[in-house]
Amino acid sequence: MSIPAIITVGIVAFVTILGFVASRWGAANLASFDEWALGGRRFGTVVSWFLLGGDLYTAYTFLAVPALVYGTGAFGFFAVPYATIAYPLVFLFLTRFWTLARERGYLTIADFARDIFGNRTLELCVALTGVFAALPYIALQLLGMRSVFERLGPPFTQVGSTATLIVAFALLAAYTYSSGLRAPALIAFVKDTLIYVTVIAAIIVIPAALGGWGAIFAHAAPIYAARPVPGHILLPPSLSFGYASFALGSALSLFLYPHSITSLLAARNVDVVKRNAVLLPLYSLLLGFLALLGVCAVAAGIHAKPNDVVPILFSRYFPAWFAGIADAAIVVGALVPAAIMAIGAANLFASNILRQFSTTRPDGELRSAKMITVVFCAAALIPALLIHAQYTINFQLVGGAIMVAIVPMFIAGLFKLRIDPRALVLGWAVGLACTLAMVMTNGFTALFTIHIAAMTLPGAVSLYALMANIVVVGVTHLVTRKEIPA
Amino acid sequence: MRAWYLLLLAPFLALLYPPLYNRSDPTLFGMPFFYWYQLSWVVITAALLSIVYLLTKRRSL
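Residue numbers (our numbering), protein chains in the order written: chain A, 1 to 486; chain B, 1 to 61.
What the hints contain is simulated information worked out from the structure, not anything from laboratory work. Some hints here could point you the wrong way.
As the list claims (entries may be wrong) - Examples of chain B residues toward chain A, derived with CB under 8 angstroms:
hint: 1; residue: Trp4
hint: 2; residue: Leu8
hint: 3; residue: Tyr17
hint: 4; residue: Pro32
hint: 5; residue: Val52
hint: 6; residue: Tyr53
As the list claims (entries may be wrong) - Chain A side only, calculated, beta carbon under 10 angstroms to chain B, not exhaustive:
hint: 7; residue: Thr16
hint: 8; residue: Ile17
hint: 9; residue: Gly214
hint: 10; residue: Ile233
hint: 11; residue: Pro281
Note that the Cβ used here is the ideal one computed from N, Cα and C, for glycine as well.
Kindly generate the complete structure, drawing on both the sequences and the hints.
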């Protein structure tokens, strides 16, 4: 094995052992569902910051966003406004949700739907949304790890990258099964430390090696322009709406994902949530600089699959041992969120889907949630292996477009708007159908072009689907209200 | 005071209309305006959030 490969494997092995040790952390009764799934709901500001940061900033940040910037230029930078406006939304809406969740004992967002609207169909719709939105997002993490493993050389190139991926996920599933949310929370410390060290080094070393930002943009511009599908240093005006709609659509879905809700509800009190909304943008700054590595890769004359450019930059500009650490940061950066996503989805499945079809008692519920995390990790392999997307970021964007189907329910519930739950179910169904139709006709991309007369408007699938959803909810609500005599 | 929450509208107005900042000049450390403007707003948003957090917290005590 090469030096970077040895170091990467060593760090990943260390993190895996840490996962098993985490089950002993805080002497908790892990037979309890709250303890396993929400770490006993007592994480303070610092642990929550690491956990949420470890949870929200994933292989998406490290590979998918730089890949899109490498491929398209300015357009890929939409991730920065996305990761900025998401936090005022947390501060305004999620604190309210957290308070309600603590008062009423919600474990999932579907619990909230059932409690507020008293409608089991709606609960089921919300739970299914979270479960299906998590799958492509876990798949993105898998593909991110594969990009790193593929470049590590023998023995990985010999067993094949698919086999390597299955081994990594078997390990992940095993320690998530034994430790619940404590495993990713403890590993998140390691992950975030690795990532800060790597990114700060990358920001200092790589632009300097390339002659500074002025030289980087000057070199990249003609290369972008000369491509068969040109990239752009500035946003083409026709893509302005697409850019803003991607930022807004992604921000609306970010905190509705089961993994975000899971990490959020593990906070000790509402002040912890607020302080995290203030402190988490620090990670967004990292994301911004990582995105710029896509431009660096273009300026450096790298020709590769978009997902590979960041590992290539690391191996070209870092000494071998540090490239190993940087690669490990990407792998662990994918493992931690994948674990939390699997737990979040399993929470939904066990408490809101299974409960409706069987009479399992709480301890049975925990056992099924644990089994389901394992099933989920495996299920995410299917889209990872079968769907070929030009940019892996589409997995996250499609996940987000699925997730926004519950935005009207969430807002209506949060502000106690008396909307007929049947209207919300119908809007959900129409919104989701629109999402799937747009994604399928487009060959698994999340940018859809609407033609109105002679005008074309490329925008985010998630936002178009949300508009359809809201219109249907509004109309249905008005119609059903008329049916019932006052 | 709930009015402080209006400060949190600023990032949306500043970031969701790209023609506002889709320019090269002025550059900062050689970086086009488009990029450093948006990176600055990450920091400004964090600052606004901390202001709102501190002010709304003190009033409620």
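Results for each hint:
Given the 8 angstroms rule on beta carbons, the hint for Trp4/B is violated: about 11 angstroms separates it from the nearest Cβ of chain A. For Leu8/B, the shortest C-beta to C-beta distance to chain A is roughly 4 angstroms, which falls under 8 angstroms, so the interface hint holds. Because the smallest distance between the Cβ of Tyr17/B and any Cβ of chain A comes to about 7 angstroms, under 8 angstroms, the interface hint for this residue holds. The closest approach between the C-beta of Pro32/B and any C-beta of chain A is roughly 6 angstroms, which is under the 8 angstroms cut-off, so the hint is satisfied.
For Val52/B, the interface hint holds, since its Cβ comes within 8 angstroms of a Cβ in chain A; the closest pair sits about 7 angstroms apart. Checking Tyr53/B against chain A by beta carbon gives a least distance of about 5 angstroms; that is within 8 angstroms, so the hint holds. A hinted interface residue such as Thr16/A counts as satisfied when its beta carbon comes closer than 10 angstroms to some beta carbon of chain B; here the least separation is about 33 angstroms, so the hint is violated. Annotation: interface hint on Ile17/A violated; nearest CB of chain B at approximately 35 angstroms, more than 10 angstroms.
Interface restraint check for Gly214/A: the shortest CB-CB distance to chain B comes to about 3 angstroms, inside 10 angstroms, so the restraint holds. Hint status for Ile233/A relative to chain B: holds, with the closest Cβ pair at about 6 angstroms, below 10 angstroms. With its C-beta approaching chain B no nearer than about 4 angstroms, Pro281/A sits inside the 10 angstroms limit, and its interface hint holds.
Hints 1, 7, 8 from the earlier list are contradicted by this structure; the remaining hints agree with it.
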